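Q: Single-letter residue listing:
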Amino acid sequence: KAGVTQTPRYLIKTRGQQVTLSCSPISGHRSVSWYQQTPGQGLQFLFEYFSETQRNKGNFPGRFSGRQFSNSRSEMNVSTLELGDSALYLCASSLGGDSYQPQHFGDGTRLSIL
Amino acid sequence: KQEVTQIPAALSVPEGENLVLNCSFTDSAIYNLQWFRQDPGKGLTSLLLIQSSQREQTSGRLNASLDKSSGRSTLYIAASQPGDSATYLCAVSTGANNLFFGTGTRLTVIP
Chain A
1 KAGVTQTPRY
11 LIKTRGQQVT
21 LSCSPISGHR
31 SVSWYQQTPG
41 QGLQFLFEYF
51 SETQRNKGNF
61 PGRFSGRQFS
71 NSRSEMNVST
81 LELGDSALYL
91 CASSLGGDSY
101 QPQHFGDGTR
111 LSIL
Chain B
1 KQEVTQIPAA
11 LSVPEGENLV
21 LNCSFTDSAI
31 YNLQWFRQDP
41 GKGLTSLLLI
51 QSSQREQTSG
61 RLNASLDKSS
71 GRSTLYIAAS
81 QPGDSATYLC
91 AVSTGANNLF
101 FGTGTRLTVI
111 P
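Those protein sequence lines, which keep their order, are chains A and B. Numbering-wise (the working numbering), the first sequence opens with residue 1 and increments by one. Numbering-wise (the working numbering), the second sequence opens with residue 1 and increments by one.
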């Protein structure tokens, strides 16, 4: 069974640009969550999608947005990029429905802002 | 707000030694606690998941315990190997698949 797939693995952007990251969950998983990992703040929750609806949201500005498609694949968009957005962005999937299932993570997209 | 702390931040042990990693959280209203490992430049690999109603879980050389009332969990690694070298993270779920992570313990097992 294929794991969680994130593309691209690496991205370099400049300030003010926007970026879209993609996540394909494990087959059959309907919940996709996004996290940001930085050396200073550690891992922080961005948002979670379940059945194409945002079910939960962390404490990030509106420049961070996401969506989920009918096949459960998810995209995350960051607009007007800032230097502080440089991070490893991780996607996790789970069966969804309740909070008792383990989350499975992809290898992440490393975003660097110049 | 839920806060998760992991002690120590880094740990070096000789191969074959048994070790314990600690995790504490401030709000005991959790659904579950999960232990992960992260290798450099990689994502997270799930090791063990303990539901809030459970006391411990075991997988091979790993044993995780949970004391929800005191807000503590431990990860016990038996007979450590160089391949166990990684950063270990604990995370608690407070609902809706929102995980709160600790800052991790960087483990080095010396051959």
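No lab work stands behind these hints: they were computed from the structure. Quick caveat, the model's predicted, so the values are computed rather than measured. Note that the Cβ used here is the ideal one computed from N, Cα and C, for glycine as well. Hints may contain errors.
[Said to hold, decoys possible] Restricting the straight-line Cα-Cα distance to at most 30 angstroms, the calculated cross-link-like pairs of lysine-lysine (DSBU-like) are:
no., chain 1, residue 1, chain 2, residue 2
1, B, Lys1, B, Lys68
2, A, Lys13, B, Lys68
3, B, Lys42, A, Lys57
4, A, Lys57, B, Lys1
5, B, Lys42, A, Lys13
6, B, Lys42, B, Lys1
7, A, Lys13, A, Lys57
[Unchecked claim] Between beta-carbon pairs, the in silico distance windows are:
no., chain 1, residue 1, chain 2, residue 2, range
8, B, Pro111, A, Leu95, 18 to 28 angstroms
9, B, Gly95, A, Ala2, 44 to 54 angstroms
10, A, Thr20, B, Thr26, 27 to 37 angstroms
11, B, Pro82, A, Arg15, 34 to 44 angstroms
Q: Indicate, hint by hint, whether the structure satisfies it.
A: Hint check results:
{"no.": "1", "hint": "B/Lys1 <-> B/Lys68", "verdict": "holds (16 angstroms)"}
{"no.": "2", "hint": "A/Lys13 <-> B/Lys68", "verdict": "violated (43 angstroms)"}
{"no.": "3", "hint": "B/Lys42 <-> A/Lys57", "verdict": "holds (24 angstroms)"}
{"no.": "4", "hint": "A/Lys57 <-> B/Lys1", "verdict": "holds (14 angstroms)"}
{"no.": "5", "hint": "B/Lys42 <-> A/Lys13", "verdict": "holds (21 angstroms)"}
{"no.": "6", "hint": "B/Lys42 <-> B/Lys1", "verdict": "holds (28 angstroms)"}
{"no.": "7", "hint": "A/Lys13 <-> A/Lys57", "verdict": "holds (25 angstroms)"}
{"no.": "8", "hint": "B/Pro111 <-> A/Leu95: 18 to 28 angstroms", "verdict": "violated (39 angstroms)"}
{"no.": "9", "hint": "B/Gly95 <-> A/Ala2: 44 to 54 angstroms", "verdict": "violated (28 angstroms)"}
{"no.": "10", "hint": "A/Thr20 <-> B/Thr26: 27 to 37 angstroms", "verdict": "holds (35 angstroms)"}
{"no.": "11", "hint": "B/Pro82 <-> A/Arg15: 34 to 44 angstroms", "verdict": "holds (41 angstroms)"}
Violated hints for the displayed structure, listed by number in ascending order: 2, 8, 9.
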